Amino acid sequence: MIHFPRENSGNPASNLKLDAPAFVPKQSEETAEANSQSQFVATGIEKGKPKNVLLSTIRALVKNKFSQWVEVRCLLDVGSQSCLCTRACAERLQLKMEKVNTVVSCVNDASMIVKNCVKTSVANRDKSFKRELLMLVVNKITDFIPNKVINVDVDVSEFVSLADHSFNVPDKIDMLLGAEIFYELLRPGQIYAQNSQLLLQNTVFGYVVSGSVDQVVEDRVHCGLILDDDLTKTLKQFWEIESVDVECTGNTEASLCEDNFVRTHKRNKDGRYVVSMALSRDPSCLGNSKDMAVRQLNSLWKRLSRDSEYLSLYTDFLREYEDLGHLERVVESSEPPIQYYIPHHGVLRPDKLTTKLRVVFNASSPTTTGISLNDILMKGDVIEDVFQTIFRFRRHKFAFTTDIQKMYRQILIDPDQQDLQRILWKTGPNAEVSAYRLKTVTYGMSNAPFLAIRTLQQLAEDEKSRFPLASEVLLHDTYMDDIVSGAPDLETARRLQSQLRDALKSCGMTLHKWSSNSPELLNSSLSTDVEHSFSVDTDLSVKTLGISWKPFQDRFVFKVSISIKPSYTKREVLSVIARLYDPLGFLGPVLTRAKVLLQRLWEQRLDWDDVLPNPIAYEWKEFVTTMKCIEKVKIIRFILTDTWLRIVLQGFADASEAAYGAVVYLQCFYQNNSAKVTILASKSRVAPIRVISIPRLELCACVLLAQLVQKIRSSLRLEISDIVLHTDSTIALAWLNTPANHLKTFIANRVSKVQRLTENCCWTHVPSHLNPADLVSRGLSPRDLSELKLRWNGPSFLERGELSSGPGPHLMNESEYSCELKNGVVPEMPMSSVCVSTNSDLSDLLCMSNSYVKILCIFSYVLRFVNMKKSNVIVSGPLCASELEHAENWLIRMVQGEVFSAEIRDLQCQKGVLPNSNLKNLNPFLDSYGILRVGGRLGNSDLPYVSKYPAILPNKHKLTNQIIVYFHLKNLHIGASSLIHCVRERFWPLNGRSLCRKIVHECIACFKAKPVVTSQLMGNLPRDRVVPDYPFNCSGVDFCGPFMIRYRNQRKGVLHKMYICIFVCFVSKAVHIEIVSDLTSGAFIATLKRFFSRRGKCAKLYSDNGKTFVGANQEIKGLLKLVKEPDETLSGFLSAEGIEWKFIPPRAPSFGGLWEAAVKSAKYHLKRIVGRSNLTYEEFLTVSIQIEGILNSRPLCPLSSSADDLNALTPAHFLIGRSMNSIIEPNLTDLSEGVDEMAMGDPVGAAYLE
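In the working numbering, the protein residues as written are 665 to 1914.
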């Protein structure tokens, strides 16, 4: 919706002027609230030309709910495909809203979701034109049109009938009529105004005024598109690139309210202030409000009659209101021409100690014209900042808090406007209704906060000469009716306390609920006015601007009240997080973790009332159960010392893949150059969902830190000697030392902002382990927060009185820096060299991930980069096997060089290892790559080189643990014995058996899936188990399942059952697995046919007494009979070597322990790899066969620790003469059912890639 001015430079200046006296525009409370979050699109400004474009407006009649015609102001816009109506207008007309779900596209790819629409009729004044329209309901259409009064020297309405007689007066737009109806409104006739650029176009509503006039004074956008402020988009702001806050700029309404207050406020003979309410339109537009007030009073009495305590409190409240002179009974019998009756009701809070009942006056109740009192009141501009108030509170050694008693009711309303504040009351359900007039500022009125705060500011100005200390506090240390202040010494604090009482008493206000960290200061108050006593309430906490303060300990604390539930919804998660009120960011690391979890919920696109899915639900329950630990956090309130010399602000910034944050400390120096370090504030932000590189996020953290420091500087109002800012990113520091015009847009914008905000600050490098912002960016569990000294006192060098940790590193990644330079700009930073052989670099590399494969890939790319630099040959594409092998050799050699340096040195000198060395029994030697390997006696075997001479790995090293974990996951969570067997095929870890047992024991998946079993005293093994025989000649069979599978590309719908049939050889313990679709005899016979075809017919087949097997036995007897008749040879063979089917005794599963153990082993891997995922048939078959291979590769005998022993004997040796190895496949534990289908044959490989 963009309107450009018509170029007509030849015409002289217009007779319309923009410097006319200010008009008081109307603006509802809803519109004012929307203004603070609106995104406007320029419509009336053309760059380079001081023109103001008039948008065409009309006055139309619209039918309300009762079929009455009501006048509204509409904007004509041919660029809109839809007609729009503001929500305030729809509610005023009481139109029925219907639900829709429409996306409205706007300029620059902006869009908004409209969820309601209304249907109504639009007509002109004489009803000659009527049209029924369907309108979308939006919060706001445009800003005021026009934004300033345009003085018309000649009355245009004398010549033509205007569609909007007040087109030149600022007013809000109720409706927008789009292209759907626009051309129906046009009528023949156009008039060009002489000596101007105005054009009058005839329509069914009259002539509309368009064109442009000269613009004076204000260069402002006049029209805008507002995006809906729904909860989802508000939540999304958690992970947008953010600033600390945005200072609000004054608007037209605020200036008009200020002018009205300055002109009309006064003090009566008692010193009390009398103020008037600023109105946006004449109050005569208010209709009848008394009938509605009577109905709500009768409804109120229905509840009062049922609750005697409620009635008593309500009666006492109104009696007190009248006794204090804040309300008076109306004695006039006739109604004044302008009046408004305010409905009221009570909010009962029995848990409160002081005010159990709070009466609410509803000035938003509409009259018969659909307009309420709040609709015509101007709210004014209320600028108060909790952040700044609490910061100043922390400066004072002697601190106190107090409350202005009934502040609103101490300010009188101009008598001429008191009839707009009438209420109704009666003494009983059937008693006569009496009218009362409220004489003071009333809560429930949209302008009440402005009038109260502005009156306090005026009091500070009026009494500044008599009470200078109190005046300063009233201007800067007051938040609404709470005074939060103090003084550096007791005497000054007492004088301030006395001045505050006297200053407020001069205008009829009193102070109560005194709290202080000083017993002397608290005792100077009346005992009835204090909120606690030092002799009794030593552990009492007082609410101070939403934060709990313990005056006796002089600490800020937090109270957490969370109910533990078995399940949570997305809405409940947001509710719990929002309950953690922390304006200074003391709980920053905890909130970061909560925000990251909330972002993950948002990515899954759950509805607000959906229950959390299992992985996130487990994390959230763990988070909630530990939230009580937040109550252990205690923050020192007083940040200075008695005799401080100078103050330094120390800021830290850091970023991770999940979030970025900033934290600021105050370093207060006193005698002997000692320093007291106190945390001031922190701020965190979740990283955007759109992937941004870590250096860019580090720069965003620097921007956040710069904004936070600027906010703190303006809030403290202390003389700060130095400001030192730290980051652990060398690239971000290099960008900050580069002119912004040399950098690309994203970096340049943020660098210029940081350079502007931190012009007199010093940026330095800090190591990551000394950076407290690292805790903010990575998040912490609530249980770990209270004990972290780095969080509450900063790095150790601050307490030592040092300003920085020392000189920063000399190395920097040149490519990361130079890629953000504009084309043609030569980098001035030194080229950093790549070093991969230092112990610190190796430790950092191994700490980058817990996945051995990921570390191997990272290191392979590093080596590829080094080789490219050396050979100047560019290599791209995925890594090949030789590169991974080369990187693995490098890693092993670096680790061995770190741990076995003495042994390697001895071997290089052609000496044997020392007798006391741990490697003495392994006969170690160095291969051609310099890798330390086991000697042994298997040189003549046909085994691979790495199996004959495995590389030696040190005990208790991170790389050793990662390699063992890799083999554990690769082989689908095998046990300790099988694990050490697999590892020793390539590596020889020292004390490997204990390491493998530890890895298996610490594996969470194995721990969860491992059942607690009891051992039984077993009898002798049957003869078939101990007599040599062919594989599977004597076998046992059993079923397990069911397992749910889905069809390929199936996301939802019915799942299908599948079973596993396991055959186990009695002699070799070899396993054969088949997939069965159901438990019928026919399906099992087909399974037997597949088994016989692949493994050969068996002589004996054992099973339990299942009905499936019994039925199958009968079918096989019939099958043998059918087979004997056509084939005599086969019949003779089956007769001689026929299948003998044996069943174990009923209800005796111990007789089938062999196949039950095979079922247990198969389930062992299924639970750890598949979990609760639903696979397709191909994936399930692949996993089953892989499990078969792993079970057939298990050692049949205990492994020896000797390096000279041959490989262990496995069941696979009886089948194929060697051990079987399964290919690498992804892990399915965290696989959700809504993800894309994986390629067939790739279901479990990622299990050991992570």
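Calculated directly from the structure, the hints in this document are not laboratory data. It is possible that part of the hints are untrue.
[What the hints assert, rightly or not] Listed next, the in silico DMTMM-like pairs over lysine to aspartate or glutamate satisfying Cα-Cα at most 20 Å (straight line): (1) K1285 - E1236; (2) K1733 - E1666; (3) K1214 - D1386; (4) K1292 - D1448; (5) K1340 - D1271; (6) K1020 - E1155; (7) K1020 - E999.
[Stated by the list, open to error] Computed beta-carbon distance windows for the label pairs: (8) V1224 - I1384: 44 to 50 Å; (9) V1526 - D1570: 28 to 34 Å; (10) P1706 - K1285: 52 to 58 Å; (11) D955 - K1223: 43 to 49 Å; (12) N1401 - I1849: 57 to 63 Å; (13) Q1335 - D1049: 32 to 38 Å; (14) V771 - N1401: 34 to 40 Å; (15) P1706 - N1514: 33 to 39 Å; (16) D987 - Q1335: 54 to 60 Å.
Since this is a predicted model, take the numbers as computed values, not measurements. Every residue, glycine too, gets a C-beta built ideally from N, C-alpha and C.
Hint check results:
At most 20 Å may separate the alpha-carbon atoms for a hinted pair to count; K1285 and E1236 meet this at roughly 12 Å. For the hint pairing K1733 with E1666, the CA-to-CA distance comes to about 29 Å; that exceeds 20 Å, so the pair is violated. Distance restraint check for K1214 and D1386: the Cα-Cα separation of roughly 32 Å exceeds the 20 Å cut-off, and the hinted pair is therefore not satisfied. The hinted pair formed by K1292 and D1448 meets the criterion: a straight-line CA distance of about 12 Å does not exceed 20 Å.
With a CA separation close to 48 Å, the supplied pair K1340 and D1271 exceeds the 20 Å bound. For the hint pairing K1020 with E1155, the CA-to-CA distance comes to about 37 Å; that exceeds 20 Å, so the pair is violated. A threshold of 20 Å between alpha carbons decides the hint, and for K1020 with E999 the separation of about 35 Å lies outside it, so the pair is violated. The beta-carbon spacing between V1224 and I1384, approximately 34 Å, falls outside the hinted interval of 44 to 50 Å.
For the hinted restraint 28 to 34 Å between V1526 and D1570, the CB-CB distance of approximately 30 Å keeps it satisfied. For the pair P1706 and K1285, the beta carbons lie near 30 Å from each other, so the given range of 52 to 58 Å is not met. Range check, D955 to K1223: Cβ separation about 46 Å, and the 43 to 49 Å hint holds. For the pair N1401 and I1849, the beta carbons lie near 60 Å from each other, so the given range of 57 to 63 Å is met.
Taking 32 to 38 Å as the suggested C-beta distance range, the pair Q1335 and D1049 conforms, at roughly 34 Å. Between V771 and N1401 the Cβ separation comes to about 38 Å, which falls inside the hinted range of 34 to 40 Å. At roughly 35 Å, the beta-carbon separation of P1706 and N1514 lies within the given 33 to 39 Å, and the hint holds. In this structure the hint that D987 and Q1335 lie 54 to 60 Å apart at CB holds, the actual value being about 58 Å.
Violated hints, listed in ascending order, are 2, 3, 5, 6, 7, 8 and 10; each of the other numbered hints is respected by the structure.
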